[in-house]
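Q: If you want the building blocks of each chain, they are given just below.
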Amino acid sequence: MLAVENVTKRYGKVVAVNQVTFEAQPGRILGLLGPNGAGKTTTIRMITYITVPDEGQVLFDGRVVGPWSQERMGYLPEERGLYKKLKVGEQLLYLAELKGLSPTQARERVRYWLGRFEIEDWVGKKTQELSKGMQQKIQFISTILHDPALLILDEPFSGLDPINSELLRDIILELKEQDRTILFASHRMEQVEQICDDLCLISQGEIVLNGTLRDVKRSYGHNTVVVEFDGDGSFVDELVRENLVHVNTRSLHRAEMTLVDGTPARRVLDAALATADEVYRFELVEPPLTEIFVGVVTKQQGREAAAAALSRAPRVKA
Amino acid sequence: MHKIWIILKSEFLRRVKSKWFVVATLVGPVILVAVMVLPAVLGILASGSDEKAIAVVDETGVLLERMQAEAEDQYRFVAAEAPLDSLRAAVEAGTYDGYLVLPGDVLTGAGAATYYSVEGGGLSFGERLERLVSRAVEAERLEARQVDAEVLEILETSVPMRMVKLTDEGEAADDTIAYVLVGYIMGFFIYFAMFFYGAFVMNGVIEEKTSRVVEVMVSSVRPFQLLMGKVLGIGAMGLVQMAAWAVLILLLLTFSGSIASLFLNPADFNLPAQASQEEVLAAADFSVPEIEPGLFVWFLLFFLGGYLLYASLFAAVGSAVEQQQDAQGLMMPITLLILVPIIFITFIVESPNTTLSVVLSLIPFFSPILMVVRAAVTDVPFWEIALSYLLLIGGFLGAIWLSARIYRVGILMYGKKPSLRELARWVRYA
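In the order they appear, the protein sequences are chains A and B.
Using the working numbering, the first residue of the first sequence is number 835, and each one after it goes up by one.
Using the working numbering, the first residue of the second sequence is number 1140, and each one after it goes up by one.
It cannot be assumed that every hint is accurate.
[What the hints assert, rightly or not] With a cut-off of at most 27 Å between alpha-carbon atoms, the simulated BS3-like pairs for lysine-lysine come out as follows:
no., chain 1, residue 1, chain 2, residue 2
1, A, K919, B, K1191
2, B, K1555, A, K918
3, A, K921, A, K960
4, A, K960, A, K1010
5, B, K1156, A, K918
6, A, K960, B, K1555
7, B, K1555, A, K847
8, A, K1051, A, K1133
The hints are simulated quantities; they were obtained by calculation from the structure and are not laboratory data.
Whole structure, please, built from the sequences with the hints as guidance.
A: In structure tokens form, the structure reads like this:
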């Protein structure tokens, strides 16, 4: 189990992380969310013992992290990087040995994982000859080669095609089944919703939301309405004008809205039936994670920061 | 420790296996020897091609004959009676290289000889011509006075001088010039090596940072281990390269006698054509200076110490920037430090035992070059050299401590290029 306890980190006068506390359990995936500059990377760097906290402590299995825990964890940073001139095989063996594997063990694991990704014939290729996506796979392999108990993945799916994303997801879920503790940092809310069990949202160096995905969503209640219709969509504008809802997503035949201050869902249905030719679907649902994220960040930092935080990720559609 | 070793091994192997390393290691000494030997070879070629045909207007009527006898094959002196303007035309047409006018009063010591040519003829040619004429005038005047043979012989006196150095083993040929040369070569070698391999370390650090692989690395090892592994790995590469060069150069020196004798003609030293190689080399005063093995050991040790000191500083600079061009400004202080010994190298060679020389050769930033130069040109007491080395090790420990503190912050900093003041602030970070 990973426990971050009252951790504070300052750079000069800037407080990057302030009194952060959370836990990550084995066999579960913790989504670490937050806008850029919120302190995610700083937090991760303290967990990985790249830097040390000014106050508080990071414990893994009850012990303060250090070189010993570095050997038991794998870290995939958001900014990928490999030694360009090393061959794929050399590269993986080197990184595995630094994690404490013997050369023989390392060779065996490299063979296994290259086989798993069906890329055995890349062993002798120089890393710089590979495409971005291929390098990405190599780097992911290097993160899990030594069978780490703690896995920290920062945007693991970026730059991967759907087939490889699928493969990666399967492996991550498989590792979860094997009781690994997994930290998943991402801006992509739909990915977080798909694979995370727990959530931890950091904003301006502080934890603003923490709990299981279920609980977090439930606590926001069924305050979101999805309407699918044909014909005139002007009722949506009307509702917005009366400040009864605000629109999360909208297209020609579909609108997802958040009910403002206890607006009854019925009010939306009435408006829709009044103007639209046909209503195919009307549903009261839990809010998508994106909305929770935007809501929380907005409350803390204002709407612009929230929008900027999500601008790199497309909004949730379904 | 184990991690440092893994990093050292990887950094070392990936460089030693590169084509660049193999080529540079094999070609390096060849270029070095070529640079040293080429001027000499060119000089020989130049003097060989220096045959000249010279028209001589000899108004004394006696000098030409003597000069022709003295000049052997190199210069062909031809008597010319023609008027001066037709001689001028002949020179311009290329029939002669030039013409020499010897007025009658040169014999009395009053007149001056004049040589006319189109191209001037070169510095050594002028001197040689002047000596030829002077010798002819001298001989002619002595003979005219009927000086007796013994006096003539006295005038020919030339005492050969042997320089002998007293050593513990007795006497040895004094090779002062050779030792100075060895000192210079070793000093400059260390200078280039520190710069060259230091730049290697810096570029390695920059590459790791720009490719972002450094973040993965420091999630596996401590920044200090990464820094040390890199510095030591590249140092090991440098050592292998230097050792390979030393072996090649020693081989060249061992056979240099045989090589040199190929260029020497026994007849030039009044030896019979079948004279042995040793006889010819002895006659030519050619000796390979014997370099004490101790000097080689100190050379390697000081190279290593100096490299470690400067490489750690270079690494700190590399960690602070994202591309080589940005490193210039931060490198300035280091470059200046390396440059100081080069400024003093001639001073040290000329007066190796003055207080200033001793002090300079004890300072860690300068000792890698200056102590080796001193040790090459003079006998440095053991305690001085040992103290100097201890100080150098101390200097390295200080530098690596400082660099490690800058490095661990620098490798994770992207964006604005930091100033020296910011680097100083990083050192103070917890």
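Q: Does the alpha-carbon distance linking A:K1051 and A:K1133 stay inside the 27 Å limit?
A: 17 Å, holds
Q: Under the criterion that the straight-line Cα-Cα distance not exceed 27 Å, is the pair A:K919, B:K1191 satisfied?
A: Outside the cut-off at roughly 61 Å; violated.
Q: Is the hinted pair A:K960 and A:K1010 satisfied, with a Cα-Cα distance of at most 27 Å?
A: 32 Å, violated
Q: Take the C-alpha atoms of B:K1156 and A:K918, compute the straight-line distance between them, and say whether it is at most 27 Å.
A: OK: B:K1156 and A:K918 at ~15 Å, within 27 Å.
Q: Hint check: B:K1555 vs A:K847, CA-CA at most 27 Å. Holds or violated?
A: 18 Å, holds
Q: Need the status of pair A:K960, B:K1555: alpha-carbon distance at most 27 Å?
A: 31 Å, violated
Q: Regarding the pair B:K1555 and A:K918, is the alpha-carbon distance no greater than 27 Å?
A: Judged against 27 Å, a Cα distance of about 25 Å means the pair holds.
Q: Does A:K960 lie within 27 Å of A:K921 when you go C-alpha to C-alpha?
A: Distance ~4 Å between A:K921 and A:K960 Cα, so the pair holds.
Going through the hint list in order, the structure does not satisfy hints 1, 4, 6.
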